[in-house]
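**Student:** Residue numbers (the UniProt record's numbering), protein chains in the order written: chain A, 1 to 672; chain B, 1 to 672.
Don't take each hint at face value.
[To be verified] In silico PhoX-like pairs for lysine-lysine, Cα to Cα no more than 25 Å straight-line:
#, chain 1, residue 1, chain 2, residue 2
1, A, Lys232, B, Lys199
2, A, Lys135, A, Lys224
3, A, Lys169, B, Lys135
4, B, Lys263, B, Lys135
5, A, Lys199, B, Lys291
[Unchecked claim] To list a few chain A residues with every Cβ distance to chain B over 10 Å, as calculated:
#, residue
6, Asp54
7, Asp484
8, Glu485
Don't read these hints as lab results, they were simulated from the structure. For each residue, glycine too, the CB sits at the ideal point set by N, CA and C.
Protein chains: 2
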Amino acid sequence: MTDNNTVTTLERIANLLRIHSIEATQASNSGHPTSCSSMAEITSVLFFNVMHYDPKDPRNPAADRFVLSKGHCAPILYAAWAEAGAFPVADLKNLRKIDSDLEGHPTPRLNFIDVATGSLGQGLGFACGMAYAGKYFDHSAYRVYCVLGDGECSEGSVWESFAFGSFYKLNNLCAIIDVNRLGQSDPTPLQHDTETYRKRVDAFGWHPIVVDGQSVNQLLAAFKEASELTDKPTCIIAKTFKGSGLKGIEDELDWHGKPLGDKAAENIAHLRALVDEATLVRPQIPKVTAKVPELKKDKQIKLSSPPNYDGKKEIATRLAHGTALEKLGKGCEYVIALDGDTKNSTFSIKFRDAFPNRFVECYIAEQNMVQVAIGIATRQRYISFVHTFAAFLIRAADQIRMGAISFTRVKYVGSHAGVSIGEDGPSQMALEDFAFFRTVPNIVCFYPSDAVSAERAVELAANYDGAVYIRTSRPNFQILYKNDEVFEIGKAKNNKNPKHEHHLPRYRCSHLNKTYKEVQRNSLVDNSHVLLPDQNIRDLTDVYRRDKHFLEQQSNTTSQNQTVIDTKQAENFESKYCVKENYYSIPCTCDTSFVGRIIQNFFDRMKFGVEFFLFMGDVIQHRNQFVEYNYPFVPHSTCSNEMATLNEIRNQLNTRPTPVKHTTTSTYYDIH
Amino acid sequence: MTDNNTVTTLERIANLLRIHSIEATQASNSGHPTSCSSMAEITSVLFFNVMHYDPKDPRNPAADRFVLSKGHCAPILYAAWAEAGAFPVADLKNLRKIDSDLEGHPTPRLNFIDVATGSLGQGLGFACGMAYAGKYFDHSAYRVYCVLGDGECSEGSVWESFAFGSFYKLNNLCAIIDVNRLGQSDPTPLQHDTETYRKRVDAFGWHPIVVDGQSVNQLLAAFKEASELTDKPTCIIAKTFKGSGLKGIEDELDWHGKPLGDKAAENIAHLRALVDEATLVRPQIPKVTAKVPELKKDKQIKLSSPPNYDGKKEIATRLAHGTALEKLGKGCEYVIALDGDTKNSTFSIKFRDAFPNRFVECYIAEQNMVQVAIGIATRQRYISFVHTFAAFLIRAADQIRMGAISFTRVKYVGSHAGVSIGEDGPSQMALEDFAFFRTVPNIVCFYPSDAVSAERAVELAANYDGAVYIRTSRPNFQILYKNDEVFEIGKAKNNKNPKHEHHLPRYRCSHLNKTYKEVQRNSLVDNSHVLLPDQNIRDLTDVYRRDKHFLEQQSNTTSQNQTVIDTKQAENFESKYCVKENYYSIPCTCDTSFVGRIIQNFFDRMKFGVEFFLFMGDVIQHRNQFVEYNYPFVPHSTCSNEMATLNEIRNQLNTRPTPVKHTTTSTYYDIH
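Chain A extracted, bound-state conformation (with noise of 0.2 Å):
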C-alpha cells in the first residue's frame, strides 16, 4: 500500500522528534519526553503523511485540525510544527523558558494551537466540536485529529465525548490513544489491555482499530481506514511504550516528566544513528484541499429588534435570554447555541425551533457541552452560547477554566440562579456560581435584572471578544427599564436616580451601612416589606424554626406574628445566630406570603443596628420595591463581598454537620 521509502521516512523522522523532544526537555531541565516518545510514529505520521495543512498559515479554516489531548507532550509537538517550517527548529531548546511561548502546556498563544490543553481529559471534547462544526456549519471536507492518554481515558469527560461522537455521526474525527501503559505514579489501571479499550470504544459507537502504535506501516494503514468511514469516528487503539525507543529507560515505570539527565547522550546519539539527518528528505506535507464557506461578518452584532415589554407583564430573565437569543441569531448567522437537555428551562429552545442547523442538543453531559463549544468557537468562526442550569455549569469549572488559557469566546448562560428556584432545595440552587466565574480571566459577568436587560446582556455577550457569563433566574419579573435603555458593560444603574450611574466594577455597597431604622427614614425601604439574610429556602426554614423555636422560650410573646422583646434578649439572639457584621439581604422565594410571615417575625427583633446588604439581581427585583439598588450588570470583580457574606451567613445558618432526625414539622432543633 504505502511505499517502502515513505515508511522509513517517516520512521526517521519519528525518531527525530524523539531527540527533539530529549534535547528541549534536556535543555529546560524539566518536561516529559518519555511520553512524548511513545507518540513519536503516531505524530510522524500525522504530521508528515496524513494531515492536510499549511504550517505558514496554521489557522487556515479549512486545513485539518490536530489536538493534543496529553497536553504534557507539548515537546513533540513543537517539535512537529518546528519540523514542518512553521517556526526555527532551534527555538525547540527555549522549551519551558520564561520568555517564550513554547510553554510546558500548549497554549494558542501559540499560532499553531487552537486550544491549551493540560488538564487531561478535554482534548477529545474540544476536537468533538471542531468536527461538529466542520461537518455541520462548514459543511467541509477537512478533518479533526485528537491524540490521548492512556492515562488521561480515565477522565469521564472522555467518555462524554465518545458518547458524543458517535451520536453525531462525526466521521471526519479520528481519535488515537497512545496506550503506552505507564501513567504518572503507577501503571494506568487498563495498562495494554487494548482489547478492553477496543471493547469500550466499540460499545461507545466508534470504529475501533488496534495497532501498534510504534509501526509507522499500521498507523498509516489505519488512517487511511478511518476516512473512508461515512458514518461515525474513527478511534486508532495504539499499544506504545512510554520511553519507547529509548534504552534503559522504555516501559519502565518511575520515568514520567522526568528529562533523561545522564541518559540523554548516549540515546540522542544512538537514534541520530537512526534519524541519519544529512540524508533524510523530509516529505511534502499534504496541501489543503478543503474549502469552508466564508462567513459574512459585521462589525457590530445586534438584535434583529430592540426589547419590546409593555411594562405590564412580568417576564423571566430566561425567558428574555431566549428571546434575544433568537434575535441574535436571526441578523447573525454564525451565532450556535448548545444546551444540556434544559432548553425547555433556560429558554434555548426558542433559538433551537428558530435555527435547527445551528443548535446542538449536548444531552446531560455539561463537561463535554463546555468542550464542544469551545470547539466550535476556534479559530474565530461561530460564537456558542452554552446552556444549563447555572448550578449545574460548575460541572466544567475546569474546561472553563481551560477556555480561559485558550481565549475562548464562549458565552455560558446559566439559568436557575440563586435561591428563587426555591423548593427544588439547595442541589439545585447556584450560589458558588459567581465566586468561580470572577475568577474566570477576562470573563465579563453579567446578572440582568429585568427581561429589557437582559436582552441587552445577550447582545453586549456576543459583540465581546471574550468569555462571558449571562446569570439568567427561573421566576418572572417586572420590567424596570424602558426598551430603549442602553447599558455598557461594567456600569451599573440606580432604577431611583437614573442619572446616577454606579460605575463598576469598583463600586461597593458601603453607604449601605446603615440602620434598619435610619434606611426606613431614608425611604429605601418600606415598612410594609421586610428584609433576611440572603440565603436559599433551606436557611428560611431555620430562621422560621428558629424564631418560633425562640419565641416559644420566651414568656413575652404576644402572638404569633407579633412579638415584643427586650433590647437584652435580641441581643443575644443576634450574637448567637448571626455575623457579626450584620449584614442582610433580601430574601428571594417563591413561597412569598409564608415568608413574609417569618421576616416580618425576625426584623421585628431584629431592627436594632442592623446593617443592610443588599445582595444583587434576582434577589432585588423579586420584590418590586427593592429595585433602587438594582445591579443590572455585575462584572467579574464586583461582588466579592457579596459572596463572602453570603457565604459566612450561610456558614452560620445554612448548614450544620449534625442532620436532624425528624423530618415532621413539629420538631425544632437546635442551632449549632
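Position chain B relative to chain A; hints supplied.
**Tutor:** This is chain B only, laid out in the frame that chain A set:
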C-alpha cells in the same frame, strides 16, 4: 423461585408508592411523579424484599446502603421509607414545604439519607465509596444499591465510577439503570436501546443484566443473580416507561418534572383499585445480619509525634503534609487517603507506603475520587483525605458542592498551588481554587506557609467536623515556626511580632496600603528585595517583554539593569499597564535570579506611589525576608479581596484575546 404472593404484594406496593408520589407532588404542586413511576417496581422490590435494613435505625452501620442517584425521584424514596416505617406516611404530603426536611431532592438532613443527590451522575461514585469501605475497610457483608436514571448516564462521572467499580471488584455493589427513555426536554440519546447499555456496562467490567423494569419477577431474579457474583459488580439495565402505569402519561414527552394536575384523580383511583390497601399485608423487611467492626475513636486525633525540623533545611509543604498524614495514620485507624495518580507529587505516597490497605488509588478521575471519598466518609466511620494537584481538584467542583450539602467530613488536599509551579504553565497552576473553596458551606481552608504549620493543618483538619481544604505548594520553603508552635483555626500569625495575632476571617490588609517608600521606611521590606504583581510565570514573561520593549523605546536607559526614567514616563507606563489601585504582591517563581532582575527594573520605575498588597502563603515564604505578613491558616472568607485583585491584575497583564504569532524571544508584542 418466588411465590406468587410475594410478587403480587410487591406489585401492589409499587402502585402504592406511585400513589404517594402523585399525591405528594400534587400537594406541593411541583416535583417529578412520572420519573418516580418508572422506578416503582425497582423501589418496591429493593425496599420490601431485597435490602437488609432497619427503618427505625436507618444509619445502622451494618445495614445495606441505598443511593438514589436520580435525586429528583425523592418522592418515591420518601414514600418507601415512610411505608417501611421510618416516619408517618401522612408526612409525605409535606414534600417541598418550607418547614419540612422532605425537600425536592434528598439530603442527609433526613436520617435515612447518606448523601445528597440532585446534581446528576454522582450517586454511583458515592455508592462505589460505600462498597469499597464495606469490602476493604469494614470487611462486612452489607451490600450497596444505587438507582440511576438513563439521562444521567450521559455524565462522564458515571463512567469513571463504572471503571472504578470493576477495577476494585466491588461485587457488593449493584447499580440499577432506570431506562425510562425520556429526559427533560427530549428522549435520551440511547432511548430504549438496552443492548447498547449492556455493551457499555459489560465493556466497563460490570455484570450486566437486562430486565423488564416493570416486572417484579424479573427484578427479583436479577437481584438474586447479582448477590451471587464474587468478582465484579452488577448493573441491572431495567427497561421501563416514564409515567409507567399512568393513563395518558406513560411514555409521553413533556411530562418531566410536572405534577399530574387534573389527570391525578383518575390515575389515583385506578391505582388504588390495583393496590386494594385494606387487604395489603406489607412484607417483613429483611433484618440486618451483617456485622461491622467497631472503630475505636479518640476524642482528639493527634499526630503520633510533633513536627521535627531543625530549621536549617527547607521543606515543601506538600512533603510535610505527607509526613503528617503518615503520623496521623499511625494513631488513627480510620484515616483513609485517596489519590488520582499524583501520589508521588502530593506525597500521599508516604501514607500509601505505610498503610497500603487504607489507601485508594483512584487514577485520573477526580470527580469519582471525590465521590468515593464522600461515600467512604458516610455514617461517620472514616475520614477521607483526597489528593491531587489543586488545579485539578476543581474538576470535582460540583461534587465538592454536593458534599457540602451532604455535611461530608472529607478533607481535600490540593498540591502545587499558585504560581510556584512556574514552568509547567497556567494549566497546572491553581489560582482559582481558593475563590471556589471559599464558597463551600462550612469548609475550613488552610494554606500553610511552612512544614510545621502544614503538619498542624493536617491534624486540625482531621479533628474538624466538616470539610477542609488544605492547599500545599511544590517548592521547598524555610521553616518559619518552632516545632511546638500552637495553631488554631481562624487565627493567623505575625512572625515579626509573634504576640500580634491576626484573628481571621475579619482581617483585612488595609493597613498595608502604604507607598513603597513608606514600606521601606517601616522596614517591612528592605531594599534588596523587590516586588511584582502577583501573577503566574507567564506574567513575568509579559512584564519582561513589556519592560524591555519599554526600555528600548527610551533613550535614557543606562544599562540593562539600571534604568533612569522621569516621572512622567513612569506615569504613562503605569496608567497603561497597571491596575488603578496599584496593588502588588510578592513574586513566586522558580527562576529567581532572572526574575529578580526583571523585578528590580520594574520597581525602579514603580517606586512612586505604589500601594502594597501582600498575597499569602507560598508567595510570601518563597522570599525569606517577607515573612512578616504570613498567613499560616487562611479561613474561607479572608481572601476575597486578594482574589479579586489577583484576578484584576491577571486580567490586565496576563491574558490577551489575540495570541502572538511568534514563539521566539526576539519578538515583542503590544499589550492590548
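**Student:** The structure should be examined with respect to each hint, and the outcome stated for every one.
**Tutor:** These are the hints, each one checked on the structure:
no., hint, in the structure
1, A/Lys232 to B/Lys199, "17 Å, holds"
2, A/Lys135 to A/Lys224, "19 Å, holds"
3, A/Lys169 to B/Lys135, "41 Å, violated"
4, B/Lys263 to B/Lys135, "46 Å, violated"
5, A/Lys199 to B/Lys291, "38 Å, violated"
6, Asp54, "14 Å, holds"
7, Asp484, "30 Å, holds"
8, Glu485, "27 Å, holds"
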